[in-house]
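Asks: Sequence:
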Amino acid sequence: MPLTKKRSRNAIRDLGFWKWSGIIVLSTLPFLHDIITGMGEGTRSFVPDLGLENMLTDSEGYVLGFSSYRVFLYTLFIHLGMHIAFVGWWFAAQGKRYRPILLLPVAMSLYQVLIIVSNTRDTAFNEPGTKLYILLGLCLLLGVNFYYNNSYRSTRKKLEKTHIDNEIGQEQI
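Numbering (my numbering), first residue to last: 2 to 174.
What the hints contain is simulated information worked out from the structure, not anything from laboratory work. Among these hints, one or two may not hold up.
[What the hints assert, rightly or not] Now the in silico label distances, taken between C-beta atoms and shown as ranges:
#  : residue 1 : residue 2 : range
1  : G39       : N127      : 38 to 48 Å
2  : R100      : I135      : 31 to 41 Å
3  : R98       : R14       : 29 to 39 Å
4  : G138      : Y99       : 33 to 43 Å
5  : K132      : D59       : 16 to 26 Å
6  : G89       : L139      : 18 to 28 Å
7  : E61       : W90       : 34 to 44 Å
8  : L141      : R100      : 35 to 45 Å
9  : L30       : D59       : 37 to 47 Å
10 : Y149      : S60       : 45 to 55 Å
[Claimed, not checked] Straight-line distance between alpha carbons at most 25 Å, and here's what the computed SDA-like set of lysine to any residue pairs gives:
#  : residue 1 : residue 2
11 : K132      : P106
12 : K20       : L77
13 : K132      : I79
14 : K97       : L115
15 : K20       : L104
16 : K20       : F78
17 : K20       : F47
As the structure is a computational prediction, the values presented were derived from the model and not from experiment. Each residue gets a CB set at the ideal place from its N, CA and C atoms; glycine is no exception.
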């Protein structure tokens with residue numbers, strides 16, 4: 002069936018089209034560093050020079066603590082891709098009971114992206130103990146929030162006494 006002008010306009014407005022396009026872009030995100038930079042040569046000639054590489058490079062030649070701009074982009078795009086995937090899963094899990102638990106990987110992946118962008122990889126913020134304390138704190142906050150706001154939480158049921166006839170020691174009424 003040939004694509005007509007009307008059908009192609011409807012395809013672009015279709016939500017499924019944008020979902021699949023987003024999945025394709027998200028899956029190629031870690032490999033975007035190959036398009037932007039060449040091995041050992043910096044940014045490629047067709048990439049506009051916005052001065053970002055020079056702005057992020059320190060006096061020793063490191064790009065936010067990474068050995069090269071290419072390694073920085075690769076690491077950033079991998080963590081950013083995982084964060085976007087967790088956020089997408091969180092939005093897709095609307096109405097599911099496990100949805101609040103997805104906030105833990107969303108928060109931890111955002112934390113790691115912020116660690117990379119803020120160049121604090123060599124500080125105490127990136128140590129496993131710090132991440133564990135943050136994760137435990139998030140679990141505690143999530144548990145308290147889940148306990149007080151959960152519609153599935155069982156409430157105390159009042160026990161009703163039932164009158165049983167013909168029990169030993171009870172009179173028949």
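Asks: Now tell me if each hint is right for this structure.
Replies: Okay, the hints, checked on the actual structure:
Our hint of 38 to 48 Å for G39 and N127 is violated, since their Cβ atoms are close to 29 Å apart. A hinted range of 31 to 41 Å for the beta carbons of R100 and I135 is inconsistent with their spacing of about 20 Å. Taking 29 to 39 Å as the suggested C-beta distance range, the pair R98 and R14 conforms, at roughly 33 Å. The beta-carbon spacing between G138 and Y99, approximately 20 Å, falls outside the hinted interval of 33 to 43 Å.
K132 and D59 have their C-beta atoms about 25 Å apart, which keeps the hinted 16 to 26 Å range intact. The given range of 18 to 28 Å is respected by G89 and L139, whose C-beta atoms sit roughly 20 Å from each other. At about 39 Å, the beta-carbon gap between E61 and W90 stays in the expected band of 34 to 44 Å. Judged by the Cβ atoms, the range 35 to 45 Å given for L141 and R100 is violated: they are separated by roughly 18 Å.
Between L30 and D59 the beta carbon distance is about 26 Å. The supplied range of 37 to 47 Å is therefore violated. In this structure the hint that Y149 and S60 lie 45 to 55 Å apart at CB holds, the actual value being about 51 Å. Between the alpha carbons of K132 and P106 the distance comes to roughly 12 Å, so the proposed pair stays at or under 25 Å and holds. Under the criterion of a C-alpha separation no larger than 25 Å, the hint pairing K20 with L77 is consistent with the structure, at around 23 Å.
Distance check on the hinted pair: K132 and I79 sit about 19 Å apart at the alpha-carbon level, within 25 Å; holds. A distance of roughly 28 Å separates the Cα atoms of K97 and L115; the hinted pair therefore is violated under the 25 Å criterion. Distance hint between K20 and L104 is fulfilled; the C-alpha atoms sit about 21 Å from each other, no more than 25 Å. A hinted pair counts as satisfied when its Cα atoms are at most 25 Å apart, and K20 with F78 qualifies at roughly 19 Å.
Restraint check: the Cα-Cα separation between K20 and F47 comes to about 29 Å, which exceeds 25 Å; the hinted pair is violated.
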